[in-house]
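There are 2 protein chains.
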Amino acid sequence: MRIALDAMGGDHAPGEIVRGAVLAARRHGADGLHVILVGQEAVLERELQAASDDASELPITVVHAPDVVAMDTHAAHAARRQRQSSVHVGLRLVRDGEADAFLSAGNSGATMATAVLTLRPLPGVDRPAAGAVFPLPSGPTLIVDVGTTADCQPRHLVDFAYLGAAYMEIVHGVQRPRVGLLSNGEEAGKGNRLVQETYPLLAASGLHFVGNVEGRQATAGAADVVVCDGFAGNVVLKVAEGMVTLIFDLIRGAVRSRLHYKLAGLILRPALRRAAQPLDYREHGSAPLLGVRGLVFIAHGRSDATAIASGLRSAHAAAQRGLLYHLTTQLATRPAP
Amino acid sequence: MRIALDAMGGDHAPGEIVRGAVLAARRHGADGLHVILVGQEAVLERELQAASDDASELPITVVHAPDVVAMDTHAAHAARRQRQSSVHVGLRLVRDGEADAFLSAGNSGATMATAVLTLRPLPGVDRPAAGAVFPLPSGPTLIVDVGTTADCQPRHLVDFAYLGAAYMEIVHGVQRPRVGLLSNGEEAGKGNRLVQETYPLLAASGLHFVGNVEGRQATAGAADVVVCDGFAGNVVLKVAEGMVTLIFDLIRGAVRSRLHYKLAGLILRPALRRAAQPLDYREHGSAPLLGVRGLVFIAHGRSDATAIASGLRSAHAAAQRGLLYHLTTQLATRPAP
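Protein sequences, first through last, are from chains A and B.
Counting from 12, one number per residue, gives the positions in the first sequence under my numbering.
Counting from 12, one number per residue, gives the positions in the second sequence under my numbering.
Treat the hints as calculated values from the structure; they're not laboratory data.
Treat the hints with caution; some may be incorrect.
A few chain A residues that face chain B, going by a derived Cβ cut-off under 7 Å, partial list only [stated by the list, open to error]: (1) P70; (2) V74; (3) P77; (4) N203; (5) G232; (6) N245; (7) V247; (8) A251; (9) I258; (10) A265; (11) L270; (12) Y272; (13) I278.
Note that beta-carbon positions come from the ideal geometry of N, C-alpha and C, so glycine has one too.
Chain A on its own, in the form it takes in the complex (with noise of 0.2 Å):
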């Protein structure tokens, strides 16, 4: 499969992403991983004989896009005016069919505008949806949208169900997933009103629905996917994320207070690493974008080699698996309105 990678995104880029691509090539070339680099071609090349002895050898290939979408461009600026930023570069690839999917450790709002603009949505998908994958102890568990649309309706929650039940059993290989929405409370009937509209069409809607779940059951693995608007699920995201360099700092505090704890801190510092190391997007690498004619995929933007390996693997699986065919399927079986 042919992965289109913005190369110019990020905020390591070029350098990590042209590495990351390396490493990406070296362990999965000989399953089928193909990799375009899109962006300045003279700084690519550079970068990619930098990187490696032999990448003329790797199964990567550059195509040319001369512009950069910075960090804080407006995203419709990009999506509208940047027609030669990599970012468009990759998703007409993506569109015309000459690779499988993108990725993108840039500016993700401007990398989900300007996929809507050039993929379109799927058939009936009114807005498309972010999802972010937390590795949880338990299993995977998808949390839709974390960003792309923040105000919702109750049929777009409905959507993402479908979106994000689709995803999970494809990519992660999750039987009938468990579909939860988020709520302030577990009972039926708790909620803010878009919550409230959306519970009895998703009860109806066919899916394996399991009812309102609270934040703190989310991160408990009580559903395969969380359902909510973009704001909520941005929240969720970056709550967690807060949370776990506060606690990791106050460990870090804590075991330097004494001599006899930064001495146990020692030996015990390769099974903190270890528990912190699910919780490390490195690890999960990217979020799908949901609900558009095409595969998209945003890391993280702080992103290294490592990160963007890991999203081109997971990018290269969901193309293999049909990932695409199989949202498209399972949002045919939506209930007619």
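On the provided structure of chain A, position chain B as indicated by the hints.
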């Protein structure tokens, strides 16, 4: 100050609640704390004897209330029908000037609904709000609302900002508290419709408005008061709680995986406890209900005696410092609509 305590509310009522009252009366009786236990008189007298030898010498009195609000009773039912419950009787003590504050670890929805009905909102306040204090290393942060009003209008969030700022100033001694608006992006203009419409109102409020804060920044102490609707606030609170459980479970699992980790873990246990302590709800105890004509505090349903004692201490301090007066004067500084 006389604090009315709902002795029948909470997972461990009445035993732990009464023991909490005894603890607080012993510790803070000399500072003028007087606890009014509200509930079934015979039961409470018995618990009080069981909890201490010197009950008769402590500043604790019992006020009889025959009825108990169950944890699963609908809030409106408890507020409108159960007029002889410990919640109703305790709040009437506040309304009638016989108590200076009310504290309950029971059904929080019922307490809030009954408080609004019994005490009425403060002048010019449409919707009351519950606050929760995050004891961050950089200082306490108040999240408001955390569940009272799921669907808000911009003017409600502005009221929450005034109330929250007054609370942090009086109770936590924060000078000119920094007010942040919870959003899914830092820049002005980011957010859902509610946030976008609230932003200019807060910018013009005269409060120390620091703009939008994301969930990540909220947990990093970027604002002293984080304003949001009750749905989003509940999500913040519950995800934060869930992440604490998740992370310490992961650490426990990693430490148990090897013998030498286990030994180092034994040495480090006090340090890890100390790290977890600021994250423990028992240490910060209770959430203020802001915007009603009286001081009302909600403790966690799981509260034990320590948590109740801590909640009584906070309520006592808030009453001593004249919180209600300051909330009212702060609201009076709002620009005319």
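Quiz item: Checked against the structure, which of the hints given earlier come out wrong?
Solution: Hints 1, 2, 3, 5 and 11 contradicted; others consistent.
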